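A.B. asks: Sequence:
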Amino acid sequence: MAVRTQWNIEHPCGHAIVHDLSDRPADRRSGFARWLAGRDCTDCWKAARDADTPSKEEWLAAKRAQEQAAAAEWSARFDMPALEGPERALEWGERSRHQLMTAAHTTLVAEGGWDEADWAELEEKARAIGRAGWWIDQREADGADLPELLDAAGESDRGTENPFH
Numbered sequence: 125m126a127v128r129t130q131w132n133i134e135h136p137c138g139h140a141i142v143h144d145l146s147d148r149p150a151d152r153r154s155g156f157a158r159w160l161a162g163r164d165c166t167d168c169w170k171a172a173r174d175a176d177t178p179s180k181e182e183w184l185a186a187k188r189a190q191e192q193a194a195a196a197e198w199s200a201r202f203d204m205p206a207l208e209g210p211e212r213a214l215e216w217g218e219r220s221r222h223q224l225m226t227a228a229h230t231t232l233v234a235e236g237g238w239d240e241a242d243w244a245e246l247e248e249k250a251r252a253i254g255r256a257g258w259w260i261d262q263r264e265a266d267g268a269d270l271p272e273l274l275d276a277a278g279e280s281d282r283g284t285e286n287p288f289h
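For the sequence shown, the working numbering begins at 125 and goes up steadily by one.
If you're looking for bench data, these hints aren't it; they were derived computationally from the structure.
The structure displayed is predicted, hence computed values, not measured ones.
Mixed in with the good hints, there may be bad ones.
Capping the alpha-carbon separation at 20 angstroms, the derived lysine to aspartate or glutamate pairs in EDC-like fashion look like this [stated by the list, open to error]: (1) K249 - D275; (2) K249 - E272; (3) K249 - D261.
Using the sequences and the accompanying hints, generate a full structural model.
C.D. replies: Right, dumping it as structure tokens:
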């Protein structure tokens, strides 16, 4: 007599499902069937998992909000001026500036040979770049390249002190 391959399982969610366990070794089928009987059916398990897991859009929005809060706190802490540009680019530019400046500080000061005076000079150059689009354009740059990038920035990338400009 062959060990059965079809098992009728009553799941805790209330669903009764016939499971084909022919892909399991014969001596492990009954143990696996017992294990299945202690779990919700696949459909109920997936529905519960999907209800607990945020959608990709929700996850991305939460991540962006967290990054934005960190960038805003950093900007205030280090007296970085507000950026200029289209409304939709301002937060992105602020996040990009924060990420690039943090990467540059790690590369040049923490791991490199820069002292605080060198860094203070670089911060002043960074404060002068007020166009959000410039920071967005540099978002994938290496932190070590920031001094050269700041020197190469044009006049149109620098902020204006005139509020009526």
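A.B. asks: Run every hint past the structure and note whether it holds.
C.D. replies: Tested hints:
The hinted pair formed by K249 and D275 meets the criterion: a straight-line CA distance of about 8 angstroms does not exceed 20 angstroms. Proximity of K249 to E272 is assessed by CA-CA distance (about 11 angstroms); at most 20 angstroms being required, the pair is judged to hold. For the hint pairing K249 with D261, the CA-to-CA distance comes to about 17 angstroms; that is within 20 angstroms, so the pair holds.
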